[in-house]
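Colleague: One letter stands for each residue in the lines below.
Number of protein chains: 2
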Amino acid sequence: MKILILKENFLNGLNIINRATSKSITLPILNNILLSTEKNFLKLSATDLELVIKYWTLVKVEKEGGIAVPAKFILNLISFIPDQKINLEVKNNILYIEGKNYKSQIKGLNPEEFPIIPEVKSDKFLEINGQVLSEGLSQVIDTASPSQTRPEIAGIYFSLSKGLIEIVATDSFRLAEKKIVLSKFSLDQPFSLIVLQKTIREVINTFGEKAEKLKIYFSPNQIMFESKMTEINHPQIQIVSRLIEGEYPNYKEIIPKEFKSQLVLQKLDFLNQIKTASLFSGKINEIKLKIDPSQEIVEIFSQNPDLGQSKSQIKGKIKGEKAEISFNYRFLIGGLSNIKSKEVMLELNGEDGPGVLKPVGEEDFIYVVMPIKST
Amino acid sequence: MKILILKENFLNGLNIINRATSKSITLPILNNILLSTEKNFLKLSATDLELVIKYWTLVKVEKEGGIAVPAKFILNLISFIPDQKINLEVKNNILYIEGKNYKSQIKGLNPEEFPIIPEVKSDKFLEINGQVLSEGLSQVIDTASPSQTRPEIAGIYFSLSKGLIEIVATDSFRLAEKKIVLSKFSLDQPFSLIVLQKTIREVINTFGEKAEKLKIYFSPNQIMFESKMTEINHPQIQIVSRLIEGEYPNYKEIIPKEFKSQLVLQKLDFLNQIKTASLFSGKINEIKLKIDPSQEIVEIFSQNPDLGQSKSQIKGKIKGEKAEISFNYRFLIGGLSNIKSKEVMLELNGEDGPGVLKPVGEEDFIYVVMPIKST
Chain A
135 MKILILKENF
145 LNGLNIINRA
155 TSKSITLPIL
165 NNILLSTEKN
175 FLKLSATDLE
185 LVIKYWTLVK
195 VEKEGGIAVP
205 AKFILNLISF
215 IPDQKINLEV
225 KNNILYIEGK
235 NYKSQIKGLN
245 PEEFPIIPEV
255 KSDKFLEING
265 QVLSEGLSQV
275 IDTASPSQTR
285 PEIAGIYFSL
295 SKGLIEIVAT
305 DSFRLAEKKI
315 VLSKFSLDQP
325 FSLIVLQKTI
335 REVINTFGEK
345 AEKLKIYFSP
355 NQIMFESKMT
365 EINHPQIQIV
375 SRLIEGEYPN
385 YKEIIPKEFK
395 SQLVLQKLDF
405 LNQIKTASLF
415 SGKINEIKLK
425 IDPSQEIVEI
435 FSQNPDLGQS
445 KSQIKGKIKG
455 EKAEISFNYR
465 FLIGGLSNIK
475 SKEVMLELNG
485 EDGPGVLKPV
495 GEEDFIYVVM
505 PIKST
Chain B
135 MKILILKENF
145 LNGLNIINRA
155 TSKSITLPIL
165 NNILLSTEKN
175 FLKLSATDLE
185 LVIKYWTLVK
195 VEKEGGIAVP
205 AKFILNLISF
215 IPDQKINLEV
225 KNNILYIEGK
235 NYKSQIKGLN
245 PEEFPIIPEV
255 KSDKFLEING
265 QVLSEGLSQV
275 IDTASPSQTR
285 PEIAGIYFSL
295 SKGLIEIVAT
305 DSFRLAEKKI
315 VLSKFSLDQP
325 FSLIVLQKTI
335 REVINTFGEK
345 AEKLKIYFSP
355 NQIMFESKMT
365 EINHPQIQIV
375 SRLIEGEYPN
385 YKEIIPKEFK
395 SQLVLQKLDF
405 LNQIKTASLF
415 SGKINEIKLK
425 IDPSQEIVEI
435 FSQNPDLGQS
445 KSQIKGKIKG
455 EKAEISFNYR
465 FLIGGLSNIK
475 SKEVMLELNG
485 EDGPGVLKPV
495 GEEDFIYVVM
505 PIKST
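Order-wise, the sequence lines are chains A and B. First residue of the first sequence? That's 135 in the numbering used here, and the numbers climb one at a time after it. First residue of the second sequence? That's 135 in the numbering used here, and the numbers climb one at a time after it.
Bear in mind the hints are in silico, worked out from the structure with no lab data behind them. Treat each hint with caution, since some may be false.
If several chains are the same, the list does not tell them apart, and a pair holds so long as it fits within one copy or across any two.
Unchecked claim - List of simulated lysine-lysine pairs, DSBU-like, C-alpha gap at most 30 Å:
hint, residue 1, residue 2
1, K422, K451
2, K347, K237
3, K206, K417
Since the structure is predicted, the reported quantities are computational estimates derived from the model, not experimental observations.
Whole structure, please, built from the sequences with the hints as guidance.
Modeller: See below:
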């Protein structure tokens, strides 16, 4: 391999694909990235065997070839090199890097030793704005289960039907559902799939800042997110990931259709008062909401025998029954943080029934949270 | 105690004094701060028994008194409270905090249980601009020894003579010396003292941003840094600290008076090339400088059998002998990072003699660094 590459493009690619590398001790090659020429592109690939990221950039190819080099190391090195144009050459599995006043040699590995990077072949795809998708994914991802004991709820659930994507995450104590309307999206029959949480995180990291069009390809076992180079019809970035097998819980059942009490509150005031009360909560993160519709007041109360107690009041529009309900403050904060509107609606179903948080004025997000049962 | 305080002032004080608290398990009271009224001020105090920070703020005092409360906890709580005016009241060692829509109670401790906070009585003092002092201290502090095995070099050395403060730090591999000229400063006879590294860090944190006048008081066993309230002649912040006993090394001896080779280089280019080379250095952080006065070129070289090698060149004004000298790259970076000028002078004394880094055009800073001896 012998190429001339622009530092900026190389660095951009390295920053993106570096996140797919794995610190595997049993398979140290996964710590590397694969550099290889492909027509007049340099292709950068990295994988942890579940997730693959590929990145292409235009270069001047003098000789074809490839090499695998340590990911973090080459990223640091290229970021320090002052030159804007960098020559890369591979001889005997050594990568020679040369700028105007700079030369280095990095010991690499034979590209043949790199795991085979799967290609997703599918004509089932949809097109979506990368920023819209990433914003929606951000609203649900932190609600997914951090534990792998039930792999299906450690993932993010996608349900696709004509003109609509529903994205869902739950950890069995709470659930977030985001709806994205895609008027142009038609398909033969609805289908669903469960995507790894880390894949979703990389999608947000990679495509979240740019409002460019993405294609999402679906195959029976894989999903691929792809962006194109703006100038030419060639992929720029591909994120390919395996899917999670298993059946997602029938979550629609647990979303309450009714409520006993309904509150409309200023979101930031409510969030701030929950944070204040949280300082006094105990080991199970319990804070209590006392709702008094006749006064149009919610009192937020918490106490801790070692520290003391906290009591605050917030005014709001309140309908329905008087109630006293305890919640894990982390779950309330998790929901409120993902609601974008200034006002928030909280619907409650007594001290043991699920509560629901929604933005006021928008129908695209819902967050269900279970109370802490009274003892 | 019963007072009315402005949130902003309270929070400002809590942020500053919180850093003097200690996570001592044997003396858990050091985790607390002491609140006490003093005339029409609230005084906040915290200590780890080596270092004390005190902060005063004007309040409306309705009833005198005091209480000790958990430092981190009260800081978090006050930062969350939305009200601008806060009522504080102490009854039976409980602190009642009350805003417009907010009430809390914190269990505190009897102020009598708090360690006695020493007062520094001394008429030996100097006046200095806080920002100038902090900048000078920042240039040397990271060169002090991180280990406590030789307590004297774990501290920062102050040498005071007529019109001049010299501030020195060393870890025995390298040494930094900063000179601050104080034309108005006269004293009977020169003296010197060694201050705890953590005290100096708090001085930088506390006074570094404001160009206000500080007084530094000296007593045989203590040092005190004091700023005043701008409006009235009353202390705002005091940092009091014990001194380190022991004799500071006679460091003037090791500063070379001559050189065999002298280089003037662009600081940022040099720093950047050292960082690049550092990626290829081995366990002892070794990089090699090859100086060729006839070509006016320095080559920066490093290699590592596992990774490869790096070679770069930088042009400069070079006098004296040809040389090849190895340094710990961290020590070079440490010196260069604390030099403010665009150009830097490096004076070398062969492969075993000390090197010296200095700003070009200023005489107030010098950094001595020992090479890695050739084996």
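Colleague: Are the hints correct? Go through all of them and say.
Modeller: Verification of the hints:
{"no.": "1", "hint": "K422 x K451", "verdict": "within (19 Å within a copy, 72 Å between copies)"}
{"no.": "2", "hint": "K347 x K237", "verdict": "neither (39 Å within a copy, 51 Å between copies)"}
{"no.": "3", "hint": "K206 x K417", "verdict": "between (39 Å within a copy, 18 Å between copies)"}
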